[in-house]
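Protein chains in written order, with this note's numbering: chain A, 275 to 675; chain B, 1147 to 1399.
A portion of the hints provided could be inaccurate.
Stated by the list, open to error - Here chain B is said to cover these stretches of chain A; the calculated rule only asks that three of the stretch's residues, wherever they fall, bring their Cβ under 8 angstroms from a Cβ of chain B:
no., stretch
1, 573-579
2, 585-592
As the list claims (entries may be wrong) - Partial selection, computed: residues in chain A whose CB lies under 10 angstroms from chain B:
no., residue
3, Pro437
4, Met454
5, Pro455
6, Gly565
7, Ala569
Unchecked claim - Here are the simulated distance ranges between beta carbons:
no., chain 1, residue 1, chain 2, residue 2, range
8, A, Pro480, B, Ala1325, 33 to 39 angstroms
9, B, Glu1287, A, Met444, 47 to 53 angstroms
10, B, Arg1163, A, Leu476, 50 to 56 angstroms
11, A, Trp648, B, Asp1327, 48 to 54 angstroms
12, A, Ala427, B, Gln1213, 46 to 52 angstroms
Keep in mind that the hints were calculated from the coordinates and are not lab data.
Treat the numbers as computed from the prediction; the structure is a model and nothing was measured.
Using N, Cα and C, we set each Cβ at its ideal position, and we do this for glycine too.
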Amino acid sequence: MDRTGLPALAQRLRRELFASRTDGLITLVLLGALVALGGGFLRWALVQAQWAVVQANSTLFAVGRYPLDQQWRLWLLTTLLAAATGLSWGLLRGRSWPRNDTIAAVLLVALAVAAPLFLQLTLAIQARWWWITALLLALRWGAGRWGDRLPAAWRRLWPLLWPLLYLVGMVLISGGLGLMPVRPSDWGGLLLTLVQSSFAILLCFPLGVALALGRRSELPLLRWGSVIYIEFIRGAPLITLLFLGQNILGFLLPGGLAPDRVWRAAWVLTFFAAAYVAEAVRSGLAAVPRGQMEAARALGLPVPQALIHVVLPQALRVALPATVGQFITLLQDTTLLSLIGLLDLLGVARTVMANPAFLGKNAEVYLLLAVLFWCCCAALGLGSRALETRLNPNPLSAARA
Amino acid sequence: MTNPSSSASGAVMIEARGVEKWYPNGFQALRGADLTVRQGEVVVIMGPSGSGKSTFIRTFNALEDFQRGSIVVDGMALSNDVRNIDAIRREVGMVFQQFNLFPHLTVLENLTLAPVLVRKRPKAEVERQARQLLERVGIHEQAHKYPGQLSGGQQQRVAIARSLCMEPRILLFDEPTSALDPEMVQEVLEVMQELATDGITMVVVTHEVRFARKVANRVVLMADGQVVEEAPPEQFFTNPQHERSKQFLRQIA
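Please build the complete structure, drawing on both the sequences and the hints.
This is how it looks when you write it as structure tokens:
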């Protein structure tokens, strides 16, 4: 029976929401609460809230005190990132446009139109955002359509684009190679938050895998070293470690690796997250049956090759959701940097709120922060889910004999 | 009674003498087990569960260590020298009860992984050989499927092909049909029987009496970590000498 149209909808609503008297009551109460809350919020956001605090400080929130005449570097980086995202997205999906992709594309366009308007940016800067969004979507479409014509070697190597882009990005941000250097203490806002969290995410992952393997090693020194490290880090609050790091990291790391407070904090975040990633990876390793290692060894593979080709691919796939959860926590933990005096998103927010011109505008600022963090975390989550499906071409393989 | 390649005079492939093994919890699994396997022979090891038969063949490729005695495989003495162990493992293939295929790799990749990585052979050549092997065990249509998409019997045949792809001189089978549904046992046994006719040296731990009668050159009975009786299959099944053998045959009859 294929029934469509309004009567079918009414029937479905009735079945799902008002099946019995209790169901109906629950539905009504929840609907009432939703309308009251949503209405109140909308009234506040549209009528009462004064968004001038965000509009006037949008640059500060985005990049902190990054020198104005050097900001073209960040625009260039944003463009490159958008291009890489579009390419990767297209190559992952190919010609197909699943519903989620369509929704994401529509949201991106809506954001590119609405956000600059809301922030009352100048037309020139609004146009930059349109152009960047258009580039991203065009590359998504183009790479999806013609990606399979690329030589096989290219298609295998395209993920290497990201580490390369990361290095380029670091140069663009911090200067060098002919660019005017910008000191880390001048980075701020979303820029600092993203630099810190991406640095920590990239480095904590290999470190975490090494620690997880070390914890299962047969060499006592390696095993106990890993256990002590993991348990020590997991037993201490991050904020303590951040303060500790500011004081002692200069002595612990080889000279030049942690020259200032920003990099010291980044290293602490890395070391902190690595311990948690190690535990996630360990659970993944435990999920791989012992027979896998035995079969690989019986075929003559030495332990490192057996780990790389047989055990780790399976373990990391199991550990991926927990690991990404850890990355998301890490991203949110960067707010603690404001407590050690860095101007990350929260740090910028605090200076803005301390400005007498914007006194009492806390709600607006915190809401902006919440939305920004939500966007970053949602992007991480979406990316990881895409990666998960990608790594698991065969749904049946999860059911092991 | 056909004993395909009775070459009792062939070169010695496995020579185990007085092998004793204790597990870390203090349990002694092997109490002086002896076995000699010659080239081209098919030796079937039987015995009650807990008799140490799996542990015994797993010492042959160093998946289990042992504390006393000596094992020489293909002229190489098993010791703690890692290089030696890797060399022996290249020559000794093993088929497991639980198949232990790599679930994240396709059937074809399961076969080609080790020859390419360990033997450093060109990939195209290994793939050609792998396809031939898959055809030989009757599953060449499934080359690009993942192990999880195959039945147990098919998975075990892939596992056999995977071992063969390394071109081992000896194949060890650790209860290869015990985890299979009854209707799939036969297809695996047929493949093994065909291998035996081809003259590869095989040591098989199994409970399949019909397979032992038809294919084995010798049947070995293990009990309490020792080899109790060793005889040609006809003699072993009709006229066992040892009391433990008689008892065992009564139990499985």
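For this session: Of all the hints given earlier, name the ones this structure violates by number, lowest first.
Result: Hints 3, 4, 5 not satisfied by this model.
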